[in-house]
Amino acid sequence: MKSKERIQYLLSLGVSILIALAIGALLMLVSGHDPVQGYRSLIEGAGFIGPRKAQAIGNTLYKSAQLIITGLATAVASSAGVFNVGGEGQMYLGALGSCYLATLLVGVSPWIAMPLCFLAAVLCGSVYAFIPAVMKVKLNINEVISTIMLNSVAIFFCAYMAKGPLKTTERGITAGTQRISSVFQFDRIIFSNSDVLSERLRMKSNLTTSVIWIALITLLIWYLMSHTTLGYRMNLSGQNSRFARFIGIRADWLGIVGMLISGAMCGALGMFENFALHSRFNPEFSNEIYFDGMLVAMIMRYRPLGIILMSFFFGALKTGAVSMQQDIPSELILIVQSVVIFLMAAQEGIVARLRVKHARKHPSIAKEVG
Amino acid sequence: MAGDMFHLVFTPGTFLNMFNSATVVILAGLGCLLTDQAGMMNIGLDGIMVSGAFTAAIVSWLSGSWIVGLLCAVCVGMLFGLFYGLMVIRWKSDEFIIGVAFNIFAVALTTFLLRSIDGQKGSFHPATGFVDRIPALHLGVIGDTPINISIMVPLAIVLVILCQILMYRTPFGFWLHASGEHADALRSVGRSPDMMKYLGSLGCGLFCGLSGAYLSLGYLSTFQENMTDAKGFVAVACVIFGRSNPVLVFLAALLFGFIDAAATRLQDYLNPTLTATFPYIGTVLMMLVIALARVIRKKKAAS
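Line by line, the protein sequences give chains A and B.
Under our numbering, the letters of the first sequence match residues 1 to 370, in that order.
Under our numbering, the letters of the second sequence match residues 1001 to 1303, in that order.
Treat the hints with care, as some may be off.
Stated by the list, open to error - Quick list of in silico lysine to any residue cross-link-like pairs, SDA-like style, CA-CA up to 20 Å:
1) B/K1092 x A/H358
2) A/K357 x B/W1091
3) A/K204 x A/T228
Unchecked claim - Which stretches of chain A does chain B cover? Using the computed rule of at least three CB atoms under 8 Å from a CB of chain B, they are:
4) 137-147
5) 344-352
These are calculated hints, taken from the structure and not from any lab test.
Where is the CB? At the ideal position from N, CA and C, for every residue including glycine.
Next up, chain A with everything else stripped away, as it sits in the complex (with noise of 0.2 Å):
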C-alpha cells in the first residue's frame, strides 16, 4: 500500500471505530443503560483503572492473544483465497484430541507429552480444515457453508464425546473428559497489585504461560506471511488465482496450504484453551472465541500486522465488556465490531463513486483513476 493511501485507510478505520462505539453508546442509551458509566466499567474491566486493574490487565492481554490467533489464522487461509469460517470447529477438534492424548499420557515426563499434545491439537484441527480445502479447492464447493455446516458437526460431535465414550469419571461434572495432570497445565501468570495487598483482591488473571507459545506461533506466521516466499505466492493465488496459475504457482495447492496451516492454528488455540483454563476438555470452552478474531482479521483486512495491533484494541473491548456484562450485555462489542465493518465497507465503495463521479467531470484526470 502506498502510505497516502495507508493514512486515508488508518483515518477512516479510526473514524469508522468512533462512529461504531457512538452507536454501541445509543444502544445503550435505547436498552435503559448510561453509556458513560458504561463505558467507563468497560474500560474498569480491561484493566484500565480500577481496584482490580493487574487481574484485569492479564485478561486484556489473553484475549489480545486469543484474537491474534484466530486474527491470523483467518487470514493465512483468506490471503491464499479460502475464507475459513470453521475454526470454531478446527479448534473443538483440536482441544478434544489433545486432552484425550493427554489423559492417556499420565506418567509421562512433559517435555515428551507436551509437544505430543500439540502435535495432536494440530493434527485434528488441519485434518478437519483438509476437507473444507478439498472439497472448495477440486471441487469449487463454497467454504463458507461447508465449514460451518462442519463446525455444528464438530461441536455437536464434541459434546457428544465429552458427555459419552469420554466422560471422566468424576462426580458432579456433567459434561468433560478426565482431569489432565497438573504436570501438563499451564501455569497462571500473576500479576501482583502493589497497591492492594488483599488477598481478595489478588486474583489471578486468565494469562497462563501458553502465551509464550501463542507468541512464538503469531512470531511464526507473522514472518510466514509477510517475509517468505510461501507467503508472498499464497497472497498472489488468492488475489488473482488466475495469474498465479500463468506464472506457475499452485493456486490450488497453496489454499489447502494455507487451510491447513490456519486449522492447525485453531487445533492449537482449543488445546491452550482447555489446558490452561478448564483443566480438562470442557464442551463449553468457547464463547464463538473464533468469530471475535475473524472480525478483527476482516476489519484490518487480513494484514499481519495490523491484525496483531488491532487485537489488543478489541481485546481491551471485549475483556472490558465481559466484566461489566452484569448490566450490559457483552454482544455490544460484537456489534461494535461489526458495524466497523459495515462503514469501512461502505466508506471504501463510497470513496470509489465520488472517484468515479470526479473523474466524468474532469476526462483529464479520467487515466489516473482508471
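Given the coordinates of chain A, work out where chain B should sit on it, guided by the hints.
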C-alpha cells in the same frame, strides 16, 4: 433391527416434522434464490431470519396478534434486504464479507436487545401476556398421531409454486436472471440491472423475514438466542443443490427436513447430541453429491 429402524423412522409423525422443519429452509431458500438469480449470493440469511424471529416474537407479544408480528418481521427483513442491496450493489462490497458480518451483527443485536428487554439469557419468556402464535390447521388423526400443521406450511408450498411461475413464466424472472448474468443485455432493453438486483435483495429480506416469523411463532413458540442453528446456511446449500430452481430448492429442503425429522426420531436409539449432527452432515453430503455430479458431467462432455 433394520426393519425396526425403518418402522421407527417412516411414521406419519416423521413426515409431519419433515414439513414443519423444511418450511424454515424453504422460505429462506426462496429468498436466497432471488439474490442468487440476480448474481449476488446472500449468505447473511441467518442474520435476517434471526432478526425476523426476534421482531415477530416481540411484536406479537406487544400487540397480541401474530399477524402484526409477522408483518413487522417481514418489514425488518426487507429493511435488511435494502441494507444488503446498498452495501453490495451501490457500494460494491464483498458479498461474502457482508453476509458473514450480517449474521454476527444480527445475532449479537438480538441477543443484546433480548437481555436488555427481558433481563434474562437464553429465550424470551414474558412475565405478563403471551406470544401469540401462528394458528395451526387440524387435519385429523392418523393412527394416534394428531395432524396439526401451521398455516405457514401450505403457504410456503404456494409460495414455491408462485416463485416458480415468477421465475420461468414472467418477464420479471427473465429480467432478474439477466441482471446477474447479462447485465448489458438488460440495459439494452431499457431495464436497470441494479433495480432488478435491489428487488431481488428486497425479496430475499421478505422471505427470510417470513421464515424467521415462522421460526419463532410457528415452529417454536418463542424467540431463542441464535435460534436459526445455521438453517440459513442450509438454505444456501439447498439453493446451490437446486441450482436456484424454486421447485428443486423445495425438494432439497424437504430432504433436509426429512433428515432432521428422522434424526429426531432416532433419539430413542442413539444419543440426541450425536443425532443432532446428522442434518449438517447430510447438508455437506448434499453439496458433495451435486459437485461430484457436475465434475462427472464435465468429464463426460469433454471426452
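Hints, verified against the model:
no. : hint             : in the structure
1   : B/K1092 x A/H358 : holds (18 Å)
2   : A/K357 x B/W1091 : holds (14 Å)
3   : A/K204 x A/T228  : violated (39 Å)
4   : 137-147          : holds (count 7)
5   : 344-352          : holds (count 6)
Going through the hint list in order, the structure does not satisfy hint 3, though it satisfies all others.
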